[in-house]
Structures are given as structure tokens and as C-alpha cells.
Amino acid sequence: MTRSGVGRLTWWAPAVLVLGSTCTLINGGGFEECATDQACGASRVCVQKYCLPMPVQCRRDVGAFDKPDSIRIVAALPLSEGLDGGAVDDSEIAGLNAMELAIEDVNGSGGVDGRLFSLYVCNTGRAADVLVAQATWAVRELGAPALITSGSGQTLAAAGTPAVADAGTMIISATATSEELIGTFLRTGTIWRVAPPDTLQVPVMVRTLLAEPDYAGSTTMAVLYEDSAYGRGIASGLRERLVAMGKSSEIRGYLKPIDTRQVVGFLEAFHAVAARPKTTIFVGFPTEIVPVLDAARANPALSYASGHRWFFSDSAKDPSIVTAQTLPQLTGAIGTTPAQGAGTAYADFRSRYRDRFRIDANSFSYTSHSYDAAYLVMLSAAYATREKGALTGGRMSEALTKVSVGTGTSFRLGPTTWRDASAALAAGRSVNLEGTSGGLDFDLDAGAPSAPYEVWQVTDGGTFTTVRLVTP
Amino acid sequence: MARCLAFLVLALAGLAHAAPNARATALAKDAERLYKDGQYKEAAKLLEEAQGLEPNPKFLYNIARAYDQAGELQLALDAYRKYVSLPTSDSEPDLVKKANLSMDRLRQLLARQEADSRVRDAEKQRLEKEASDARARAEAEAEKARRQKAQFDAKERAQADSQATKANGRKVAAFVVGGVGVVGLALGLTFGLLSNGSKQAFRAATLLSEKQLRQTETVTQAVVADVSLLVGVACAVTALILFPKGEPEGLVVTVAPLPSGGALGAIQWAF
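Residue numbers (this note's numbering), protein chains in the order written: chain F, 1 to 472; chain P, 1001 to 1271.
Mixed in with the good hints, there may be bad ones.
[To be verified] Short, incomplete list of chain F residues facing chain P, as computed with Cβ under 10 Å: (1) Gly29; (2) Phe31; (3) Glu33; (4) Thr36; (5) Val47; (6) Cys51; (7) Pro53; (8) Val62; (9) Ala133; (10) Arg140; (11) Glu141; (12) Gly143; (13) Tyr254; (14) Ile258; (15) Phe357.
Hints in this document: simulated from the structure, not taken from any laboratory.
It should be emphasised that the depicted structure is a prediction, and the values quoted were computed from it without experimental measurement.
Just so it is clear, CB atoms sit at the ideal spot from N, CA and C, and this is done for glycine as well.
Using the sequences and the hints given, assemble the complete structure.
Next up, the structure:
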């Protein structure tokens, strides 16, 4: 081996060579990938300075994504039927709009001690497994202390998600009304609803059926319901009351996708020999209501002329149920839903909502409830972070026990009252909140307020009108 | 010349005075000739031989004279003393007188010679003593030098042995520390690569817990790699310092230029 060459090194050379070759392998730093979501691109979020991918159906919606200390709220909503191009649920979109309005109102008012809110939205496609995955991500990865859900089944699925249960994440739903949720609330203390439970809606529905001339004389009443927590809860309540009243009734549940012919066949057989008027109470959603009504319109036993009337629950109040084919049967049809216009704050909300989204909030059932749900989450955050407390679901839930106990200062939810209301809660004082959906007098044995109901009706123009408000 | 003449006359007169012996006469003549030629001692010998053959006061006096001329002072004095000790009948007053004068002179000369001899002897003894002393000193110094040299040699050997022992110890220590250094560098390289892999896994992680786990893993491995590399380099440098210096011994790295413009490195152990 030659020793001639450019240079000759001795002992220390190998060390220097090895050190030189390995120094690039030392990875003591470079772990901070981001400070805000914006640094992570559109499909990822910044969590503890790491960029983490969001689930496919989740996205950043509105809020302070350019702030490192924003308070994160996740709304897991069934924005469409399924995830493969299913029909968009306009009612959920309307509710999401209301949440966005609430976030903008609060952020515009300064948030909580300068910390603004960010809303992340996940489309569950109304699939429970998808929702569970999204909720798990929201809690474990994003660190969201609160989830906003929609519908009783989805809310129950979220409550049963291990990650959510382990973290004590606060769940609030604008649209869930099933009485099944009462037990869950009593067990966990973290599952809240803005709309009153169906245990209150069923009596309102029965009272309305008895009071409205088109329905009052019905001796046969079919109950067609979606076989879900929501549908089963209302259907079983209705059956008990209808039987008690001596009505001839039959209940029939259906699963998705609905078998229209079978459902119509059942209704035809049930109503074929019934005397006028005859009523079908449809506890379902527009995606099932429209095809059933379309199929039923040509059936003599189910036609308007035959004296058949449709009666709906809250989930049906959606402009999408009104089509050229369904309008003849829907004209004059009545339904009930938790009141939107019961509160004094509603008018202002409705106006601002229309200005912002060019949509009438009154066209859907739970628009104002969605605004209130988001607002309540943010108020809860203000309470939880008082005295530098931890922003946990448990502490946020504790805030709602301070709401509307009747002895506190009254506030109407809206952008102008945020500072005072949040300051009062942050100071640990009780408050009496007047939501856009009505009074938010939470029943701590149910996790939901006891609020008025609205009796709505489809006009001959295909719009919705409020007949009256009913207190349960 | 006057002395020669006197010696001749006396010799011949002696021969004339005594019963002549041919051999003695011949010896006397030869002695006379030698005397004239300045060969006084030979002449004295011949006269002694002639005296032995034919005792003659003249021969005796001439023997004294010849030895006197030859510088044999004691022999000459002995011969004069014999001559003056002869019965007055056998000696001549004039010669006796001369003999006494010569004896006085000779005695002085001998005394001086003896004194000189004593001085010389003393000087000789002094010189011999000095030489002896010098030799003794030289020997002592030589002995001292030998002892010093022996001590120096012993010290040198001890030092050399010590250095050799120390060098061996340092060599062993250098190899041990160098081994630790190699292990450290290998560990550093290994954990550096592991850390790099964990960093890639960190980047690919999609869950918070996985990110945190991979970060911890990466940092831990990086720390181990850093420490190992530092220990490795420190040990390598220490081994370099510890290793005894000398003709290229140990690891030699050569770098040779390649035609492409790059360089080819090679590592070689040399013992």
C-alpha cells in the first residue's frame, strides 16, 4: 500500500472521518414543525408544534387558524348522506352556518382573554364508525375539549367513543333529542343538548294532533319512524299515548336505505279501510320523506283527497322535503319542532344569519340551536379557563350547571353580550341565558333545557310557517 | 699532550724500573696507544691486565690516571689510594703528591657527584612519588570514572528499562483506550443511523402519540450517538497521545489522488 499521496494522517484521522460522516446523522432538533395550522398546509393541523394530518372528511372551517393558542372546537356533523357523493343535508349545513356565525361573533368580541376560537368540521356521512374515528382524532390528536354533534344516534355514538369517554370530552348537540341521551348524561355529566328532549316533544305532538282540525278526528294513526335512537324514542312515546287515548295505531320502523314500496304498502294496508281523516306520523328525515311521499301520492288510500294527512316531527322541517311532487301532499301538513323563535334574541340572529348566508334560519329546525350550541361551548371555555384553569371537558361541563339557574344576571346570546356573559361565568357567577333558540334553562336531570316547541306548517307556497309556540 | 707524555714516560719508566715482562710491556704500550687515542678506559683495562701480570707502581699510577681521564672517578680514586699506600720505596714522592692532589680533586668530585646523585635520587624519588601519586590519582579518577560510567550505564539501563516498561504500558493503554474509542465511534455511528431512521419515522408519523414517541426515540438515540462519538473521539485523541512516538507505528491513513479528481483513502496498521 502506497504511503505517498496528498497527505498522510495518523491516529486522529479515523475519528475525524467517522465524526464527519456521522455528524449529519445527529438529530437533536428540528422537531418543531409548526406554530399554527397555517404552517401545516390545508390538510394538516398544528398540534403541540407537530403537523398532523386531518381525517379525510375533516377540515378547518372558521376561526383563528393563524393563532398558536386558539381554542379548538370540533363539529362532527352528518353533512351528507354517506361519504360517497350522498345527498347534502341542507339542515346540517344551515346548522353549521349558525355555528360559524357564533364563532365569528365571539372571535370578533375578543374571545377568551385574547384566545380566539377555531372550528374544525368533520362530515360523518351519518356513519357511526366514521364519527367514532373522527371523534377519536379530535380528542387524542387535536386535543379538542369539546365536540358538537348532530342527531341522537351520532351523539350517542360520540359519547360511546372510548377516547371521548376517557378524556371526559364535553359533547353538545343542537339537534339530538332522544330520551336515551338522558341516561347517558346522568352517567357522564358531559353530554349536553340545546334542544329539549323528545320526552317533551311527544306530549306536544299529541296535543297538537288533538288540537288541529285536520288531525283531531283521526281514529287511525300510523307511526313511521327511522329505526334509530331518535326515531325509536319518539315512536315508543307516541304509541303509549295513542293507545292510552284509544286510537288505532300501528308503528313501523325502517332502516336506511328505505324500502319505499314496502313502506307505502304498509301504509296503504293500514289506512285502506280507515275512516277519514287518517294520519301518518312520519318521524324521519328529508332523504326518506321525499321518496315516500312521492311514492304515496299516486296511492288512493294515501292521497290528500282521501283524507290522509302527514304529520311530522322536528327532523322534517327542512325545505328539501318540499318538491313539486310532494307539495300537494305537504300543503297544510303540520309538524312540531323545538321552537326557534321563542327567545328575544332570535330576531337579531335571524336577521344577521340572513345577511351572512342569504338563507332564512326559520326554514330549518335547529339553526338557532346550533348557534346556541357553539356559543355555549365557548362560554364554557371561558368558565373552564378562569384562574388559569385547565381547558377540559369536565370543567366546561361544569360551566353549564351555572347557566340559567334563575338567580344570575340575564344575557341574550349575541356578539354584543359575549364580553359580559363570559366575564360573569369566568368570575364563577351564575348567569341566566336567553339563547337564540329560546330560554336555556338547563334541566340538570336531563342535560337539556325545557324550552317551548313550535308548531309549524307547510304553506301552499311550500314554505314553513309557525302556527304557534307550545310550552311542554 | 703534556699528560700523554707524562703517562708514557711513567709507563716506560715503570717498565725500566721493574723486571720487564714482555706481555706486560706490550700491554703497557697498547695502553699508551689507547690512552693517546683517548680510549682511557680501555687503556686502564690493559694496564690493569699488565699490572696483574707484572705489578708495577707506575702501572698502578697510570691506571689511576687512565680511569681519571675516563671519568671513572671512584676507580681512579681507588687506584690513587693504592698508589699512595705503597711503601714510599715503591712510589715516587712527586707522583704521590700528584696522586694526593688528584685524590683530593677526585674526592671533591665524588662528593659532588654523590651530592648530585643524592639530589638526583631525591628528585627522582620525588618525581617517582609524583608519578606514583599521579598514577594513583589517575587510577582513582579512572576508577571514579568507571564507577560513574557504571552508575550512568546502570541509570541508563534503568531509564531505558523504565522507558521501555512505560512505553509498553502506554502502548497497552493506548490500545485499550483506542479500542474504547473505536467502540464509541461505532456506537455513535450506529445510534446516529438509528436516530436518523427514527427521525424519518417521526416525519412520517400521523398520530400525536407516535410523533412524541418518535421524537423521544430520536432524541435518545441522538444523545447516545453524540455521547458515544464524543467519547470515541476523546478516546481516539487520548490513544494518540498515549501511544509511544517513534517510527510510524499504529494507524496510518493515506490519501491518494484519483484521476477523476477525487481521492482514495486507505487505513493501514504499521508496527
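Going down the list of hints, with the structure as the test:
1. Gly29: Where the cut-off is 10 Å and the nearest Cβ of chain P is about 9 Å from glycine 29 of chain F, the hint holds.
2. Phe31: holds, 5 Å
3. Glu33: Holds. Min distance 8 Å.
4. Thr36: violated, 16 Å
5. Val47: holds, 6 Å
6. Cys51: holds, 9 Å
7. Pro53: holds, 5 Å
8. Val62: violated, 23 Å
9. Ala133: violated, 12 Å
10. Arg140: holds, 7 Å
11. Glu141: holds, 5 Å
12. Gly143: Given a least distance of 8 Å, the restraint on glycine 143 of chain F holds.
13. Tyr254: violated, 38 Å
14. Ile258: Because about 37 Å separates isoleucine 258 of chain F from the closest Cβ in chain P, which is outside the 10 Å limit, the hint is violated.
15. Phe357: violated, 34 Å
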